[in-house]
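Enquirer: What follows is each chain in one-letter form.
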Amino acid sequence: MANTDVNISIGEGEILGLLGENGAGKTTLMNILYGLYQPDSGTIQINGKDISIKSPGDSRRYGIGMVHQHFMLIPNHSVAENIALGYEMTPLLFPQRKIKDSIITYSKKFNFDIDPSRSVWQLSAGEQQRVEIIKALINGADLLILDEPTSVLTSQETQDLFQNLREMKAQGHLIILISHKLDEILELCDRVTVLQKGRIVGEAQTTDVDKKSLARMMIGREIIFQIEKEPMERSDKVITIDNVMVKNDKDLEAVKGISFSIFRNEIFGIAGVSGNGQRELVEAITGMRTVESGKITIDGNDITNESVRCIYNSGIAHVPEERIRFGIAPGLCLYENAILKQHHKPKYSNKLFLAYSKIKEHAQKLLSDFKVLAPSINVQTKNLSGGNIQKLILGREISEGPSLLVASHPTYGLDVGATEYLRKQLLKRRREGGAVLLVSEDLEEIFELCDRIAVMFQGEFMSILNSDDLRLKDIGLMMAGSLRL
Amino acid sequence: MLKLKVTDRIDVLPRHSLLSLVFSLAAGLLAISVIFLFSGVNPLYAIFKIFSGSFGSLYGLKETVTKAIPLILIGGGLAVAFRAKFWNIGAESQLLMGAIFGTWVGLNWGPHLPWPVIVPLMFLAGFVGGAIWGLIPAILKIKFSINEVISTLMLNYICNEFVKILIVGPWRGKTKHGFPYTDDLPLSATLSVLPGSRIHYATLIVAVVTVILLGIAIYKTRFGYEVRVIGENPDAARYSGIDFFKTTLIIMVISGGMAGLAGVGEAAGIHHYLSYPESISSGYGYTAIIVAWLAKLNPLYVILSALFFAGILVGGDAIQISLGLPAATVQVFNGTLLVFLIMGDFFLKNRVALQWDLKRN
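Chains as they are written, first to last, in the working numbering: chain A, 1 to 485; chain B, 1001 to 1361.
If you are wondering where the hints come from, they were derived from the structure by calculation, not from laboratory data.
This one's a predicted model, so the numbers in the text were calculated from it and none came from an experiment.
Virtual Cβ for every residue (Gly too), placed ideally from N, Cα, C.
Just to be clear, a hint being listed does not mean it is correct.
[As the list claims (entries may be wrong)] Below, simulated DSS-like cross-link-like pairs (lysine-lysine); rule was C-alpha separation at most 27 Å, straight line: (1) B:Lys-1220 with A:Lys-382; (2) A:Lys-351 with B:Lys-1246; (3) A:Lys-424 with A:Lys-237; (4) A:Lys-347 with A:Lys-360; (5) B:Lys-1246 with A:Lys-365; (6) A:Lys-360 with B:Lys-1141; (7) A:Lys-197 with A:Lys-229; (8) A:Lys-347 with B:Lys-1003; (9) A:Lys-360 with B:Lys-1220; (10) B:Lys-1141 with A:Lys-250.
[Unchecked claim] Restraint-style ranges between C-beta atoms, simulated for each label pair: (11) A:Asn-378 with B:Asp-1235: 47 to 53 Å; (12) A:Pro-95 with B:Lys-1005: 33 to 39 Å; (13) B:Lys-1005 with A:Gln-364: 35 to 41 Å; (14) A:Glu-233 with B:Ile-1212: 57 to 63 Å; (15) A:Lys-424 with B:Val-1149: 44 to 50 Å; (16) A:Gln-364 with B:Asp-1235: 23 to 29 Å; (17) B:Ile-1150 with A:Ser-119: 19 to 25 Å; (18) A:Asp-299 with B:Asp-1235: 26 to 32 Å; (19) A:Asp-115 with B:Asp-1235: 34 to 40 Å; (20) A:Asp-299 with B:Ile-1158: 51 to 57 Å.
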């Protein structure tokens, strides 16, 4: 259940902020308004009248427009062509002129600077967003929903966007801003509603609250300090990351000079909203991405920019973020996936041939050791459930006893049982002398498992704290980039 | 509203594979029958003629085997490339490159060397020629992400014209009275045939042995495992440390090289000189795509599917003469079968159901 007993309302000329962690149910709620999902119960009213929204088309007719986090534009088409898509009043003949004219009218009205004849791929992210907004406005939107609109913008573009939004508010539009950034909510919104696990946990006028109280509302629980894991003496250093810089796919700096070490018998957690460079950092450590500068050493060996295989052989195992996309070859059998990263080891193959009998034996053992539910080792791996796939991947990765296990969002999207099992396995690894790097958005998981916690924001660590440090109560602020220790 | 619902089929058993094969072949033949009907030919009679022309007489059988030789070689190589989802459409020109390299070795060294030396050398040269031509699109793909379908297809045209330049220009034979052929290969550089047929058995042996080796390579070796992981999920291959660059190069060396071997076979076993590209190959590089597909990309099954399609080629020649159908009939026949085979694959991997969509209305 993504939303339970949620009531929100918004009045004319108002900007409402919807605040919550990832997975709190913000986007689900807005997709209901936009007609992508149907509510199981409850009503939607406009001007006091019950309406039912069955599709995005209905939603548009009721004057609701949505700007998605990931733009829904066709890069090779021009701005005008993109806007004509889904526009119900497009004339049959010579539509270009009419569309162009209305784009220019709206551009002038709200100070947007958009050339209708340019192709979308030539536009910056901020310009593309303006195209999305104009598209919604031309379709007659009174209520505009913006889903994490600033996540793709530079700070200057963000300021421009806010200026535009204030302009629209002044002209009587209603705006809902979905965000997890406290500063933005406080700066732009009149009212804020805080969601947590699909329920509303707080509502306030933005003039009445400050960042601290908002952050606590968003995290929504007193940070638990009783740790159920047995304490462990810190022993040898396993991995050292020294001033590492990594670029993302768009060639921008995603990790900006991060340094830390992880020790044996330790779980080191990286908390933070995803998209702040965690993925790039993990890929750099596991050899899937180039380290631009800095140094990574494991057990004293420099492995900076070595190949994936070399890094695996040096003792770094990896439970990847998108388990189906990276972790398995879905069409191959289970036993073939059980050795995806080990197939080159002498145990399973000589220079030429794979030792299938040993591989099958190994797969069978993984299945029973890690409680993977599967009819047999001969089934295609894609037929397994997410939890069982993840158990298989985890089993495969830790069966060789790696010095360091890197686990990215290991329990994301899994049911309670599988989640608990996987967490216990990570703790077991810690007991057995392994080091674990845990990247997760799930704060509960971070607090339950980690010995030390780093909070990552825009490619930097805002802090590295022991998990019993009282300053962690402000982790929400650190995740939003408002507090640095 | 009535809606098509497509879901993954999760339990694909070997008998499902077989069923989809039988059904797609049957449906393909049915579609072809319609085409025959429109040409005013009794489809049952035409299809009977095709298969009796190829498998119904000793002469037909011998011709069928002859034409199966290049199809086995190329189809086996393509099965490997397609496994890794490298869509090599350029086997036709890889074959020609093999023929060029082989012919050069035969013409220049043949007069001085006995056949046990020169024949292996020609095969080796042909393999190298095809492999080089196959490596070009591989490098273009890896280094510049140029789509291999386009580049392999375009290289076909380039090579086609290159062969023509050679045979009307520098390589035109002095003994050919101005015809655009090279000189005949010396006797030591031609492949002997089974008496009373055109079956150049040396190439046939090479073909069968290599596809068996490829079958073992795909299913039993580390290399084959890496090829299959790349084909299934290139991201997982990267994650698991498989060298995409190296593996793709090897795949295309094999795929291009196999086609090159076929080129040597055609030049040295059938024609004994290099001539127009159309007569050297008659589209084997394209037909082999369907051969590999019908074999479910298993190099071992390629032997059977190559015989099947060689039969259609031979039978097609037969109905051209006996029923007066145009030469393109065979290509229509093969193309139609490929479309239905690919459709069969879709139905094998997905479950399709018609459903009333209750949410709307």
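Enquirer: Checking each numbered hint in turn, tell me which of them this model violates, lowest number first.
Expert: 5, 6, 8 and 11
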